[in-house]
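Undergrad: Residue strings, one per chain:
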Amino acid sequence: MRRFLAWLRNPWAKARFLWVVAIAYMAWTLLPVGIAVLFSFNSTRALTAWQGFSTRWYVGDVNSVWNDPSLRAALFASLKLASLTVLIAVPLGVAFALALDRWHGRTAGTQNFLMLFSFITPEIAIGVALFLFVVQLATGIGLGFTAQLAGLSMYMMAYPVIVVRARLLTIGKEYEEAAMDLGAPPLGALGRVLLPLLTPAIFASVAIVFAAAIDNFVISSQLSSGAGDQTVPIMIYSAARRGPLPSLNALATLTLTASMLLIGLAVWLYRRGTRGERRAPTAPPMMPVA
Amino acid sequence: MPEPSIERRTPLSRRQFLQRAGMTGIALPSMAAILAACGSDNGGTGGGGTTPTPTLALARPDNPVTLPMFDSNPPIADGLSPEAGPLRIIGYADYIWNRVLKKFTNEFGAEIEWTEYATPEEMVREIQAHGADFDLWVTTTIENLGKVATAQLIQPLNHSYLPNVEANAWDGVKSQYFDVGSQYSVPYTIYSTGIAYRNDLVTDDVAAMDNPYDIFFDTRYAGQTHLLNGARDTLSVPLLRMGQDINTDDPAVLDQAKQMLLDGVASMNWKFDHVDYNELNNQFAIHHTWNGQLTYYIYYLPQDVAIDQFTWVFPPQEAGGKAGILTTDVFAIPKGAKNPVLAHAMINMLYDADIALENYSYEGFQPPNKAFSADKVVADGIVPENLRNTLISEDHLPLGSNPLEVQEYELAPSTNQLYQQIYTEVTGGV
Amino acid sequence: MPEGAGSGTQGAWFPRWFWPSFAAPATLWLILFFVVPFYVILGIAFGQLDQIFLTPIPVYNPLHWDPTAFVDVVQQFTTGGSIYQSALWHTLIFVGISTLLCLLIGYPVAYFIARHAGRSKTLFLVLFIAPFWISYMMRMLGWMNLLQPNGYVNRILQSLGLIDQPIQWLNGKPLTVILGLTYGYIPYMILPLYGTLDRISSGTLEASRDLGAGQTSTFLRVTLPLSRQGILAGIVIVMLPMFGDYYTTNLLASTRNTAMVGTLIVSSMGSSLVQQGASLVLLLLIALLFPMLYYLRETSRAAELVSGA
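Chains as they are written, first to last, in our numbering: chain A, 1 to 290; chain B, 291 to 720; chain C, 721 to 1029.
Just to be clear, a hint being listed does not mean it is correct.
Taking beta-carbon pairs under 10 angstroms as the criterion, some of the chain A residues facing chain C (in silico) [unchecked claim]: (1) P32; (2) V59; (3) F76; (4) L87; (5) V161; (6) V232; (7) T255; (8) S259; (9) L265; (10) W268; (11) L269.
Derived CB-CB ranges, DEER-like [what the hints assert, rightly or not]: (12) B:A422 <-> A:V62: 56 to 66 angstroms; (13) A:G34 <-> C:H784: 50 to 60 angstroms; (14) A:A73 <-> B:G513: 49 to 59 angstroms; (15) B:N676 <-> A:A73: 44 to 54 angstroms; (16) C:P740 <-> A:G140: 52 to 62 angstroms; (17) B:N571 <-> C:R941: 51 to 61 angstroms; (18) C:L880 <-> A:G34: 16 to 26 angstroms; (19) B:N571 <-> C:S922: 51 to 61 angstroms; (20) C:S921 <-> A:P186: 39 to 49 angstroms.
To be clear about the criterion: a stretch of chain B counts as covered by chain A if any three or more of its residues have a C-beta under 8 angstroms from a C-beta of chain A, and this derived list gives those stretches [to be verified]: (21) 492-500; (22) 608-619.
Keep in mind that the hints were calculated from the coordinates and are not lab data. Computed from a predicted structure; not experimentally measured. Each residue gets a CB set at the ideal place from its N, CA and C atoms; glycine is no exception.
Sequences and hints are given; from them, build the entire structure.
TA: See below:
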C-alpha cells in the first residue's frame, strides 16, 4: 500500500506511459531477432511465414549448416578468428591497462589517447586503412585471415583496457606493494597477487572480445580475401542480398548462441569473483563501453 | 536538376590525365609505358624478341595484336613432368565443377586450392600483388589480357603440353585478334550477354522489337528489371541501345549514355547485380544476363516458376539487327607459378571431349570444343528446348568476325577511368 | 586512497622499465595496425596512379604529395547533382533523422529503466543489453525477413486494412534505411543516457519538488540539464558509426537514391577510384574529428570524476 501511494505521489506520474514505451521498445528490438531465430527452425524454405518446426536447416538438408561446406566453413572461420583475436587482444590489453594504471610516464597519456582514439574511429575508416595497408605496403600479410586477425586484435584491445582499468580502480595498489615489501620480485607480485584479483575482469574481457569479434563485419569483410576467411557476418551480408535459405538463419542462430553462452558464463564468473566486494563505481562490466 | 557536362564532372580531365601520366613517367621509370592509340601499329615483336619499353597495344578486330614476348619471361621447357602441387587456382567461385577437380587430383595426385574473386578487376589486383602464389588463372578477360601480358604478370604458354587444345578446340578460337597465336591464353568459355525475360509477365515479343534494348527502359516494368553490374557491362546497355560502340572513348557519347542510365535509374529503379538467382521469383520480369546463367536458373527456380516461362533474346540474331556482346573468358598462367606443368595439364584436361561436356553440364557456360553441339546438350536435357537459342555455334567464331557481335576491348586507361566514374555516378556504388 | 598516495612513489617498488614495458606491445600493435595504415591512406590520397593498371602508387614523402585527386573529390562535393553531393545529402539526412529518432525513443526508455523499472530493473537491463551481443547482421536479417513483400509487416498492415497492395519496403526506400539505422544503433544511445540518468540522485529531484516545481518544470529544469552530457555523448556515439555506414543501406535499399558516403568509399576500393576512396576517408575523419575529440574529453573527464570520488 505504501509503495502504491509512493508510486502515485511520484513526481513522474508518466510512469504508466513509460512502461508502455519501454515494453514496446524491448519488443521492437528483440522480436525481429526472435523471429529470425524462429525461421531457422522452419520446415520449408520460406523466410516470411512459419510453416512448422524442423531442424533440417541445421543438420540433414543438403543446404543445412552441417552439409553446406561454405556455411560450415563460415562458422569455423568465425570461431577461429574470434578465438585468436581473444588470444592476442586480451593479453595485450590487460598488460596495457596495468601499465597505464601504475605508470604515469611522459608518453602514457599519448598512448592512452591513441588507444581510445582507435576505439572510436569509425570502423569503415579502419577497415579501408588496413585494406590499403596490406594491399599496398604490407603485401607480405596480404588480404585474408592474418590481416583480419591483426586488424581485429588491434581494434578490440580497448575492451580489456577499459574493463581491467575499471577493475583496477577497485583494487588499489596495496596488495602487490605489500607482496613486494615482503620480498616478492615484481613479476611474482604481479602473478601471485594481482592477476588472481583481476581474473573476473579478464574473464569478462575474454567474453566481450570474443562476442564482439564473432559479430564483427566491417573490418573482417574489408580484409577478407574471399577464400576460406568468410566469417558468419560476411556470409549473412552477401547471402542476404542474394536469395537466402533458412540455413542462413540457422548459421546466425548458432553464433548468437555461442556468444550469449560465453557472455552469460562471464557474467556469472565475474559476479562470483567479485562477490562481497564494493561494486565497481563504473558501468557494469558486461556493457560494451562504447 | 540539370546535369553539368562530363568534363566538369570527372575528377580527371584528359589534360590532367596526360600531365599525371607524364609525372608518373618521371617519378617511376619502370612504369614509363607508352600508350598506343587505338588503330596504331602494335608494339609487339612476337617470337621471343626483347622490347625494352613495352607498348600497351589496344587490340581490336581490325588491329590484331601479337602480344610482346620477353627474354626474361620464357614459356616452360618441353617435356617436364608434373609437379607435386597443390595446384593453386584463382577465378570466379565454382567456375570449374568440383567433380572435374577431383578427377584431376586422382589423375595427377595434386590437390587443388581455389581462391575466388567476384570480379576480373580484383583478380588483376591480386595477380599484381601475389601473382606467384597462383598457378592457373581461370578468369582472364579480353580487356585485361594485354595489360597483364605486357606487364609480365603472366607467362607464355607451351602448347606442347596442350594436345587436346590442338585436337578439340574450335578452329576459330586458336588464334584471335587479342592474342594472335594464342601465345599467352587459351579460351575457357564462350558466352553472350543478352535479355532474358519472363514470357508470362512480359507480353511484348521482345525479339521482334526494332530495338530490343528498349525493354530495359520500359516503365511498365519499373522495379522488375535488373542490369548486370560492373562499369563495362552496365554501360554497354545504353551504348548498345543507341547503336554506339561499347568501347567508345568519345566523351559526348559517354555523356549521353550516362544521361540515359541516370534517367533509367530514376524511372526504372533497376537492381544492379550479376548473381540473379534471387530475382527468379515473380517480382522480376526482365534480366540483363549471360546466356550461361539460364542453365543455372533451372536449379534455382522457386516452386511456382518453370524454366519455359523464360525467353532468351540475343539482339544480333533478331530482326532489329542490333549489336550484342559475344565474348570469351580465357585461361592464363601467372608468371612465377610454382606448378606450371600442372596448370598446363588442367587446361589440357578441360579440353578433353568428355570432361569438357561433363564440366559444361554443371557450369552452363559452354566450351569452344568440337565435342560440344547444341543438338547434343538439348537432347541430353542440359538445356531446355525453349532456350536452345542461348547456345552459340562454331560459325560465330573467331570473335570479331561479325561486326554485330562485339567484345569489351581493352581501353586506354584514361577511358577506363571515365567508364568507372560514370558507373559510380550512376549506381552510387551500391 | 591509493590513487593519490601512489602517484609520487610509483618507482619505489617496481623497476623503472617495468610498467612501460607492459604498455609497449599494445602500443606497438597500435602503431603497426592503426597509425601506419592511416599514413598509407595519406600516401594514396596524395599519391600517384599506375598508368596501366589504374592502381594507386602510394607516395610516402610528403614533399612529393600531389593533391589533385583530393581536390577533385572536394570539388565534386560542391558540384550540384553529382553522386558525391547526393550521397553527402543522403548521409546527412539519414544520420540526422536517425540520431534524432534514437534520442526521442531512447530517452524515455533510459529514463524508465533508471527511475521506474523498480524490481524489474535487472531484467530490463539484461534485455536492454542483449542487442549489443547480437550480431548487427543478424538483427538486419531479422528485418529483411519481416519486410519482404509477403512478410509479416505487410501482412499485418494488410489485415488491419491499412494497405491494399504489399509495400516494397526493400526496394530503395529512404524510410526503410532511416528506420534500419535507428534500430541498429539505438542501444548505443541508451547506454550513456542510462548512465547519466541513473546518477541523478532522487534527493535532487525531491529538492526540486519541495521548492514547488511541478513535474514538467522539474524535468525541464533539473533532469534534462543534468542529463545533457549523456545526451551529447549518446548523439556522438551513434553518429560516428552511422556516418561510416554502408551495410545498412546496402542491405535494406541498395539504390542510388539511398547511397551514402560509406557506400562510395567501399565501392571505390574495388575499382580504379581507390585514390578517391582514400580521399573520402580522409574527409570523413576530418569531419568527425571534432565530435571524436569531444567524446574522448567527456569520457576521460567522467573517468576522472569516478576515480576521484
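Undergrad: Against the range 51 to 61 angstroms, how does the distance between the Cβ atoms of N571 of chain B and S922 of chain C compare: consistent or not?
TA: holds (57 angstroms)
Undergrad: So, V59 of chain A near chain C? Judge it on the closest CB pair being under 10 angstroms.
TA: Constraint on V59 of chain A not satisfied, violated at 20 angstroms.
Undergrad: Does S259 of chain A meet its interface restraint, that is, does its C-beta lie within less than 10 angstroms of any C-beta in chain C?
TA: Cβ of S259 of chain A sits 5 angstroms from chain C, so the hint holds.
Undergrad: So the hint says 16 to 26 angstroms: do the beta-carbon atoms of L880 of chain C and G34 of chain A match that?
TA: holds (21 angstroms)
Undergrad: At the C-beta level, are N571 of chain B and R941 of chain C separated by a distance inside 51 to 61 angstroms?
TA: Given range 51 to 61 angstroms: holds, Cβ gap about 57 angstroms.
Undergrad: T255 of chain A was flagged as interface toward chain C. Is the shortest Cβ-Cβ separation under 10 angstroms?
TA: It holds, given that the least Cβ distance between T255 of chain A and chain C is near 7 angstroms, below 10 angstroms.
Undergrad: 50 to 60 angstroms was suggested as the range; check whether the CB atoms of G34 of chain A and H784 of chain C agree with it.
TA: holds (57 angstroms)
Undergrad: Is 49 to 59 angstroms right for how far apart the beta carbons of A73 of chain A and G513 of chain B are?
TA: violated (35 angstroms)
Undergrad: Does the hinted range 44 to 54 angstroms hold for N676 of chain B and A73 of chain A at CB?
TA: For A73 of chain A against N676 of chain B, whose Cβ atoms are near 37 angstroms apart, the range 44 to 54 angstroms is violated.
Undergrad: Can you verify the interface hint for W268 of chain A: is its Cβ closer than 10 angstroms to any Cβ in chain C?
TA: violated (13 angstroms)
Undergrad: Within 56 to 66 angstroms: is that where the Cβ-Cβ distance between A422 of chain B and V62 of chain A falls?
TA: At 37 angstroms between Cβs, range violated.
Undergrad: Could you check if L269 of chain A really has its C-beta closer than 10 angstroms to a C-beta on chain C?
TA: L269 of chain A check fails; min Cβ-Cβ to chain C is 16 angstroms, beyond 10 angstroms.
Against the hints set out earlier in the document, violations occur for numbers 2, 3, 4, 9, 10, 11, 12, 14, 15, 16, 21, 22.
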